[in-house]
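K.L.:
In order, the protein sequence lines correspond to chains A and B. Under the working numbering, the first residue of the first sequence carries the number 342, and numbering increases by one thereafter. Under the working numbering, the first residue of the second sequence carries the number 342, and numbering increases by one thereafter.
The reader is advised that the hints may include incorrect statements.
[To be verified] Okay, the calculated beta carbon distance ranges per label pair:
#, chain 1, residue 1, chain 2, residue 2, range
1, B, 685, A, 653, 50 to 58 angstroms
2, B, 648, A, 578, 21 to 29 angstroms
3, B, 499, A, 504, 19 to 27 angstroms
[As the list claims (entries may be wrong)] To be clear about the criterion: a stretch of chain B counts as covered by chain A if any three or more of its residues have a C-beta under 8 angstroms from a C-beta of chain A, and this derived list gives those stretches:
#, segment
4, 389 to 399
5, 611 to 623
Hints listed in this document are in silico derivations from the structure and should not be mistaken for laboratory results. Beta carbons are placed, not taken as given, at the ideal position from N, Cα and C, and that holds for glycine.
Residues per chain are reported as follows:
2 protein chains.
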Amino acid sequence: MGFDTNARINAERLRATMDVSSGIGAKGPGLSRLALGDADKAMRDIFVGWCRDAGLEVSIDRMGSIFARRAGREDDLPALMIGSHLDTQENGGRFDGIVGVLAGLEVLRTLNDLGHVTRRPLCLVDWTNEEGGRFPPPMLASGCFVGAYDVDWAHGIVSTDDGTTLGEELARIGYLGDGAIDLAGVDAYLELHIEQGPELDHEGLDVGIVTNAATVYGFRMEFLGETAHAGTRPMALRRNALVAAARLATAVDDLGHAHAATGGMATTARVAAQPNKPGILSHTCEWIGDVRHPDAAAAAAMRDAVLAAAKAAAEAARCDLVIRDTWTWGGDIFSRDLATGARRVASELGYRHRDITSRAGHDAYFLAQARPTGMIFIPCRDGITHTLDEFTTDEAIEAGANVLLHTAVRWADRSGT
Amino acid sequence: MGFDTNARINAERLRATMDVSSGIGAKGPGLSRLALGDADKAMRDIFVGWCRDAGLEVSIDRMGSIFARRAGREDDLPALMIGSHLDTQENGGRFDGIVGVLAGLEVLRTLNDLGHVTRRPLCLVDWTNEEGGRFPPPMLASGCFVGAYDVDWAHGIVSTDDGTTLGEELARIGYLGDGAIDLAGVDAYLELHIEQGPELDHEGLDVGIVTNAATVYGFRMEFLGETAHAGTRPMALRRNALVAAARLATAVDDLGHAHAATGGMATTARVAAQPNKPGILSHTCEWIGDVRHPDAAAAAAMRDAVLAAAKAAAEAARCDLVIRDTWTWGGDIFSRDLATGARRVASELGYRHRDITSRAGHDAYFLAQARPTGMIFIPCRDGITHTLDEFTTDEAIEAGANVLLHTAVRWADRSGT
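Isolated chain A (complex conformation):
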């Protein structure tokens, strides 16, 4: 029971599906659809409806991730999982993550149209809180899925917005499930995503086959000092936690520029002090940031430099330092077999492609810890992402969805166990 190489997804239907998504949480030309907020709930409800209309078996796990399963001919075999995430940053785009989920849905709808049942089951997924915009760290639900994070711990993470916890918000929007699908049911994972860098766009390519991931080390730290009057507390006695965080942020920016020539990046993403008020010193300050480098050893050196800088910043400001959380992902993690399969499909379908390194974080990074994992990139205009202006073309999405279609079907139909 072969699969016709000439089969193509329904580009018009996919465009219409994307258009619905673009209206939910719309903010200017982009989206503001933070994980577990009202817009995320609205999108989830619609997505679940689409999945059920396509005859898929929907289940929700304890992290609120949505799984939509299409039975295989040998339905006891583990499923090929495809998908990404439907949440965005506060000022996010219409494509980051969303393309991967909705093109995945279109792949399953196309197989329904063609009456093709793959040997292995297929399972479409929307991972909860990939962005980590309200509940750091990012890629939280996929991390829980593979056991890198503890679900109970994740439920207790406090929002950076409003003090609610992830578990409370899951219950509030009705997506605290009980997890019919687990890792044992997964054979491999394949994710389509916009590149979030300028390479494919500037080189005029249709598709990128992801073969490597920049290594990332992220940190959530807290400096503990002492509040006091800005006008009367002698400098030598001050313990202004905001100063400690500022010194770290300055050092981290210097570190990023020092590694920029070899592709390194270092970011201070969040500084949140208390009381953070005119006329007084702050007694606590949270600092969240990360370092990234395509070379794993260089990334590790940057990680060490951040930890040393945090210690020095705490000492300079006479504050205590608490490392609340650290995370890491990336490296040489992708399945050569899945990449080979996707590369062959791209060539056969006539798309311009090359191999590429992923720089952003993706749920695929966690899945790769446990299962063969592949990623397919499509261009993203000028590499602009995590802004309202993020953009890619309908044609790029169509190309990516067709590569996803054939790569997924061939993998799910392959012989062996």
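With chain A held as given, fit chain B onto it using these hints.
P.N.:
Leaving out everything else, chain B in the frame of chain A:
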């Protein structure tokens, strides 16, 4: 009609009055009674009741400051104004500002008990938003009173907490008045306050006669950058507004330490970035801070250094810099006559005293721009202030109130116009 040198305030009544205040907005051993919040409204309502019970004529001005006037024998003469403020920082003490208002009330109650009517009227004041904790800059209402700030502009200041404006909050709590008292009705101003430094406490003194004020320059700035993905935006193209603010905060802390040996101080009080989220760069960041020095020329040099550092920080982070607001106060501003009067009273009453420089900001600084102004300090344990642990003794408050009583009565009773 002389005034008996043996007259003393009713220490027990003053203590009971302070105790009521200590229960309104209580937070641990201190207070959280931010200007125009619900606790501030509750305190205002009680204070107005006390003033009316004491036969005082209460009026509210457009900034919500409360004036309670006690008629003089020659009631057309301008009044001697006494008072301070009843608002606190978010984590504030029970004494900062409050002692000045409630000891002022006790002075008027004592005069009622003794049946002494001063030649000039006396006017007790509670200045709105001295702390500036929600609505920077501090000392806002006293600044408006003397014409240093525009009232309409002040009404539009946005809260650092919740986005409401000062004008909206004044209206909400019912303290948007029409200003029966203005500067023309004021002869001079006298304020009792805790020192907010350790000198009187550590030297075992009862009272400080304020003869000088450290010069302060404050700033509210905003850095404007561009949001982008932390993992894909090349370092050279970044415009992370949070990095600009952090670089300024680091430079300002260095500046403070460089001037510490001569009594200089430099503070970053607030850094507030947007979106301030994991995984992305921030497009805007507010920075609020100040520099202070007992020597006016040194303070001016520190001011220039902050402005240069802000420009350099903006350039280093490729951001734009907007100076939203600046303020200054302090210097050789106090009335020698009022200081002489207070010093003589302290000696006659047998209190241990010396002259002292004020380091914190006070409403008196603005009044001093327009009228003869004096300040009387009492000790504050270890100089700790703007924290929940701020403390002074009942005996210290009693001593200060007695010096206030006699200094005020002699000034109000003096001959001439």
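K.L.:
Could you run down the list of hints and mark each one as holding or not?
P.N.:
Evaluated hints:
1. 685/B with 653/A: 50 to 58 angstroms: holds, 54 angstroms
2. 648/B with 578/A: 21 to 29 angstroms: Holds: the Cβ-Cβ distance is about 27 angstroms, inside 21 to 29 angstroms.
3. 499/B with 504/A: 19 to 27 angstroms: Holds, since residue 499/B and residue 504/A (Cβ atoms, about 22 angstroms apart) stay within the stated range.
4. 389 to 399: violated (count 0)
5. 611 to 623: holds (count 12)
In this structure, the one hint that does not hold is number 4.
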